[in-house]
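Chain by chain, the residues:
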Amino acid sequence: MPRPPGKTVVVSIFLLALFYLTALFAPFVAPYDYTEQNRAFPHCPPSSVRINQPTRWGESLLYTHPLKLADPMTRRYEEDSGVRIPIRLLYDGHLFTTAADAPRFFLLGTDDLGRDLFSRIVYGGRISLSIGIVGVLISFSIGTVLGSIAGYSGGWVDNLMMRLVEVIMSLPSFYFLLALASIIPPNLAPGTTFLLIVVIMSFIRWAGFARIIRGMVASLREREYVAAARALGAPRWLVLARHVIPGTFSYSITSATLSIPSFILGESALSVLGLGIQEPGASWGNLLATARNVQYLVNYPWILTPGLFIFLTIISFNFLGDYLLERFNPRSVVR
Amino acid sequence: MRRVVCYAIVALVLGGCSSSPEPPKARPQRLTTANISDPKTFNPITSIDQSSAAAVGDLFEGLVRTNPLTTEQEPFLAEKWEFNKDGTEWTFHLRRDVKWHDGQPFTAADVVFTFDVIFDDRVANSLKHVLLVDGQRIKVDAIDDYTVRFTLPRPFAPLINAIGAGILPKHILGASLKDGSFAQKWGIDTPPEQLVGTGPFQMTRYVPAQFLEYKRNANYWMKDDAGKELPYLETKIQLIVPDQDTMYLKFVSGQTDWHAPRPEEVAELRTKAEQLNINVQETGLDTGSTFVAFNRNPAHYVRDGKRDPRLVWFTDKRFLRAIAHAIDKQSMIVNCLNGYGKPAIAEVSPENKLYHNPNLTDYPYDLDKAKALLDEAGYKDRNNDGVREDPEGNPLEFSLTTNAGNQVREKMCSILKEDWTKLGIRVNYRPLDFQTLVEKVNSNFDWDAILIGFTGTIEPNNSANFLRSSGNLHFWQPSQAEPATPWEAEIDQLLDQGSRELDPQKRRQFYWRIQEILHEELPVLLTVRDQRFLAYKRYIANVRPTAWGLYREELLRISE
Numbered sequence: 001m002p003r004p005p006g007k008t009v010v011v012s013i014f015l016l017a018l019f020y021l022t023a024l025f026a027p028f029v030a031p032y033d034y035t036e037q038n039r040a041f042p043h044c045p046p047s048s049v050r051i052n053q054p055t056r057w058g059e060s061l062l063y064t065h066p067l068k069l070a071d072p073m074t075r076r077y078e079e080d081s082g083v084r085i086p087i088r089l090l091y092d093g094h095l096f097t098t099a100a101d102a103p104r105f106f107l108l109g110t111d112d113l114g115r116d117l118f119s120r121i122v123y124g125g126r127i128s129l130s131i132g133i134v135g136v137l138i139s140f141s142i143g144t145v146l147g148s149i150a151g152y153s154g155g156w157v158d159n160l161m162m163r164l165v166e167v168i169m170s171l172p173s174f175y176f177l178l179a180l181a182s183i184i185p186p187n188l189a190p191g192t193t194f195l196l197i198v199v200i201m202s203f204i205r206w207a208g209f210a211r212i213i214r215g216m217v218a219s220l221r222e223r224e225y226v227a228a229a230r231a232l233g234a235p236r237w238l239v240l241a242r243h244v245i246p247g248t249f250s251y252s253i254t255s256a257t258l259s260i261p262s263f264i265l266g267e268s269a270l271s272v273l274g275l276g277i278q279e280p281g282a283s284w285g286n287l288l289a290t291a292r293n294v295q296y297l298v299n300y301p302w303i304l305t306p307g308l309f310i311f312l313t314i315i316s317f318n319f320l321g322d323y324l325l326e327r328f329n330p331r332s333v334v335r
Numbered sequence: 001m002r003r004v005v006c007y008a009i010v011a012l013v014l015g016g017c018s019s020s021p022e023p024p025k026a027r028p029q030r031l032t033t034a035n036i037s038d039p040k041t042f043n044p045i046t047s048i049d050q051s052s053a054a055a056v057g058d059l060f061e062g063l064v065r066t067n068p069l070t071t072e073q074e075p076f077l078a079e080k081w082e083f084n085k086d087g088t089e090w091t092f093h094l095r096r097d098v099k100w101h102d103g104q105p106f107t108a109a110d111v112v113f114t115f116d117v118i119f120d121d122r123v124a125n126s127l128k129h130v131l132l133v134d135g136q137r138i139k140v141d142a143i144d145d146y147t148v149r150f151t152l153p154r155p156f157a158p159l160i161n162a163i164g165a166g167i168l169p170k171h172i173l174g175a176s177l178k179d180g181s182f183a184q185k186w187g188i189d190t191p192p193e194q195l196v197g198t199g200p201f202q203m204t205r206y207v208p209a210q211f212l213e214y215k216r217n218a219n220y221w222m223k224d225d226a227g228k229e230l231p232y233l234e235t236k237i238q239l240i241v242p243d244q245d246t247m248y249l250k251f252v253s254g255q256t257d258w259h260a261p262r263p264e265e266v267a268e269l270r271t272k273a274e275q276l277n278i279n280v281q282e283t284g285l286d287t288g289s290t291f292v293a294f295n296r297n298p299a300h301y302v303r304d305g306k307r308d309p310r311l312v313w314f315t316d317k318r319f320l321r322a323i324a325h326a327i328d329k330q331s332m333i334v335n336c337l338n339g340y341g342k343p344a345i346a347e348v349s350p351e352n353k354l355y356h357n358p359n360l361t362d363y364p365y366d367l368d369k370a371k372a373l374l375d376e377a378g379y380k381d382r383n384n385d386g387v388r389e390d391p392e393g394n395p396l397e398f399s400l401t402t403n404a405g406n407q408v409r410e411k412m413c414s415i416l417k418e419d420w421t422k423l424g425i426r427v428n429y430r431p432l433d434f435q436t437l438v439e440k441v442n443s444n445f446d447w448d449a450i451l452i453g454f455t456g457t458i459e460p461n462n463s464a465n466f467l468r469s470s471g472n473l474h475f476w477q478p479s480q481a482e483p484a485t486p487w488e489a490e491i492d493q494l495l496d497q498g499s500r501e502l503d504p505q506k507r508r509q510f511y512w513r514i515q516e517i518l519h520e521e522l523p524v525l526l527t528v529r530d531q532r533f534l535a536y537k538r539y540i541a542n543v544r545p546t547a548w549g550l551y552r553e554e555l556l557r558i559s560e
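Going line by line, the protein sequences match chains A and B.
Counting with the numbering used here, you get residues 1 to 335 for the letters of the first sequence.
Counting with the numbering used here, you get residues 1 to 560 for the letters of the second sequence.
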């Protein structure tokens with residue numbers, strides 16, 4: 001009887017669902033275009049949200065005061081409390097926003113070019129959250145197919161494939177990533193660049209996974225039910241697909257969940273080094289890269305918020321992975 | 001029992017307080033600075049990076065040195081000099097009181113040796129190209145022990161600004177030049193005491209990735225106005241830190257005595273000036289220039305006999321002018337430089353008082369005007385997809401790059417990209433790491449548009465390699481066999497004339513005209529120059545920073 005999920009797991013699932021939904025409906029959730037530069041508002045702090053007592057129908061419930069850059073050198077802003085800018089909810093196709101010609105409302109402040117950080121985080125989530133899923137799908141499909149072929153066939157096929165896996169595993173992965181990322185031609189669309197980065201990352205990661213699958217398959221094929229299927233004359237592919245590979249799923253699912261974070265972190269690392277998603281495209285990694293400066297950290301702490309999102313996502317995936325591991329494979333958990 | 005303990009504690013605390021404060025110790029005559037990377041070599045001739053140059057900067061001295069206040073050359077190891085009427089023979093009279101760190105006398109033989117090294121084919125160095133006159137070497141002869149004559153094939157005005165290279169000891173390195181091992185001499189594994197120069201300091205220790213340590217040269221030749229021996233400082237320490245942030249933190253925590261802050265650090269340091277006991281002083285604008293250049297090299301565009309349309313746009317003055325109106329310099333200053341900077345108009349920095357051309361007017365930021373210019377030149381959006389097409393129907397699309405890791409330039413590129421996108425141009429922006437970038441610019445010419453900078457020098461002819469159409473740093477189309485355009489031919493000619501004219505006032509007309517041509521033809525589109533600062537502890541006396549470096553650094557002293 002599996003243990004019901006604990007509170008942490010429920011919270012993790014809820015957070016992940018929230019993040020993925022936000023990313024999916026990014027144009028609706030984000031109040032502004034994520035590349036829109038409000039150059040008069042560099043490093044603007046988060047705007048204040050104030051509650052209005054509506055006096056007539058249709059009046060906005062929330063409002064903010066406009067900010068003005070009083071000193072570009074210290075980035076000091078002054079709030080003009082005499083003017084109210086209504087924050088409109090469910091307006092113009094956005095969850096909340098201000099009128100097109102009104103001053104902007106910056107929920108999480110802005111970056112150095114005056115771009116709304118909240119909008120950038122919401123759009124950046126599309127990259128950061130999907131890189132893990134896409135990457136895991138690619139690397140695990142390659143890993144499962146090659147690993148099970150090697151494990152099931154044995155002999156020289158197995159030998160050859162495992163030597164290939166060893167070669168790939170022995171590549172210093174981070175430097176290899178750097179080298180590959182630097183040869184991406186500059187004139188590719190951001191979407192293509194993104195896909196290439198995922199493919200590059202998956203290319204390295206499938207190897208270790210293939211090795212484990214191969215081991216599992218090599219042991220599974222000796223089971224009686226597999227022998228029975230073979231004796232009944234089932235073709236090889238059918239035995240493999242129907243009876244052997246499903247046996248590895250408990251491992252794949254947990255392992256996939258646990259390796260999503262490494263893709264997210266890998267993308268962040270590449271972005272921090274300037275090789276991941278390029279400006280003005282946003283990913284949590286490259287948003288965080290702009291916070292790589294003591295001055296910014298001290299004076300504009302809000303630019304660290306993308307880090308919080310990375311942290312929450314990764315820890316949620318880890319909790320979820322742990323839970324799945326326990327559920328699918330209770331014997332492996334030492335208590 | 002507990003009470004006894006309490007008393008004991010009280011007594012201890014009071015005792016700690018009542019002990020009379022020690023008399024304040026005199027601050028040691030020690031200056032600590034920081035630099036970002038390790039030196040690559042201690043050989044001042046073959047070094048090409050800033051850290052290597054900084055590591056041995058206090059060890060070696062040239063015949064003359066620049067007075068950064070006047071940007072003129074002043075006597076240094078040479079106490080005076082004269083030249084003949086047509087400027088082809090320069091005679092330098094050396095100081096007689098100069099000794100090498102090992103006690104040997106400094107003589108004309110060392111000067112001749114140093115220039116032999118610079119002109120030697122086996123020694124790759126960056127000084128060579130500024131000293132070659134039409135490809136020929138300058139003849140350097142010792143007349144006697146303390147007189148050196150430079151004989152030139154033709155009048156060559158840049159000479160005096162180009163001979164400040166540190167003089168090397170012949171008695172130590174002479175043999176290595178003969179056997180061809182000079183270029184490998186004085187690597188970073190050399191014991192510091194073997195690095196013999198004439199300068200105010202001697203290196204005593206180098207711990208890689210940690211610090212460089214120097215001690216005062218007790219036999220230094222220079223005296224202060226009162227006849228007291230220089231330098232005043234006993235020790236200098238240069239810490240090696242991993243990055244700018246560490247540099248800043250070390251300064252704020254008092255571990256270093258000075259710091260050249262980045263724009264975003266200036267305001268903070270100014271507000272903390274009292275508390276940190278520092279002065280934050282403006283030193284001047286960037287002496288170099290940061291600009292956007294478009295690749296005009298046919299080698300990049302002609303493929304399979306077909307000419308890529310980008311070559312046509314990038315050599316079209318109307319296109320370039322439209323782009324020039326779409327560079328938001330004011331925002332670059334506010335957003336990228338925290339307000340500390342000025343728009344760059346002329347290629348030579350205003351800090352170069354003599355050669356900066358002040359008569360140019362900027363292309364104001366005006367996207368509507370830029371759009372009108374593009375329309376007029378026939379770049380119109382014919383299929384309403386938001387991207388303009390040239391008259392042949394090719395969509396305006398090109399890539400833009402800069403060196404990755406330089407946050408200011410990356411931000412500037414984001415601003416450029418957004419504005420150019422508004423004009424109806426598809427810009428593919430991707431920063432590249434510096435090595436890849438250099439390779440693209442210098443060897444395979446595989447780039448469209450680039451945001452990059454050059455450092456500035458006082459001698460305008462030192463950028464000849466960049467300005468001359470045959471120069472290998474002429475980077476919109478390097479190493480041309482024949483000037484590709486009439487204006488490039490004119491620049492070549494002006495450079496020749498400028499290097500022959502010895503009167504500075506007449507000479508500068510040629511360089512002013514070059515800046516005018518660059519401003520008109522726009523092979524490079526200048527962006528902004530940042531305001532530089534120096535922050536230093538108030539106990540350091542005689543700090544006089546300028547855009548070109550410290551004035552009379554040997555006078556630095558720790559006061560109190």
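Just to be clear, a hint being listed does not mean it is correct.
[Said to hold, decoys possible] With a straight-line Cα cutoff of 30 Å, these simulated DSS-like cross-link-like pairs (lysine-lysine) come out: (1) B:K371 to B:K80; (2) B:K369 to A:K68; (3) B:K342 to B:K272; (4) B:K422 to A:K68; (5) B:K353 to B:K40; (6) B:K342 to B:K353; (7) B:K128 to B:K178; (8) B:K306 to B:K40; (9) A:K68 to B:K342; (10) B:K85 to B:K353; (11) A:K68 to B:K85; (12) B:K353 to B:K306.
Hints were generated in silico from the structure; no laboratory data involved.
Hint-by-hint comparison with the structure:
Restraint check for K371 of chain B and K80 of chain B: not satisfied, since their Cα atoms lie roughly 58 Å apart, outside the 30 Å limit. Of the supplied pair hints, the one linking K369 of chain B and K68 of chain A holds, its CA atoms being roughly 28 Å apart against a limit of 30 Å. For the suggested pair K342 of chain B and K272 of chain B, the alpha carbons sit about 25 Å apart, so the restraint of at most 30 Å is met. Among the hinted pairs, K422 of chain B with K68 of chain A is consistent with the structure: their alpha-carbon atoms are about 25 Å apart, no more than 30 Å.
With a C-alpha separation of about 34 Å, the suggested pairing of K353 of chain B with K40 of chain B is violated against the 30 Å cut-off. The hinted pair formed by K342 of chain B and K353 of chain B meets the criterion: a straight-line CA distance of about 16 Å does not exceed 30 Å. Between K128 of chain B and K178 of chain B the alpha-carbon distance is near 18 Å, which keeps this suggested pair within the 30 Å criterion. The hinted pair formed by K306 of chain B and K40 of chain B fails the criterion: a straight-line CA distance of about 45 Å is larger than 30 Å.
A C-alpha spacing of about 22 Å is found between K68 of chain A and K342 of chain B, which places the hinted pair at or below 30 Å, so the restraint holds. Between K85 of chain B and K353 of chain B the CA atoms are separated by roughly 26 Å; this keeps the pair inside 30 Å, and the hint holds. Between the alpha carbons of K68 of chain A and K85 of chain B the distance comes to roughly 63 Å, so the proposed pair goes past 30 Å and is violated. At roughly 47 Å between alpha-carbon atoms, K353 of chain B and K306 of chain B are farther apart than 30 Å, so this suggested pair is violated.
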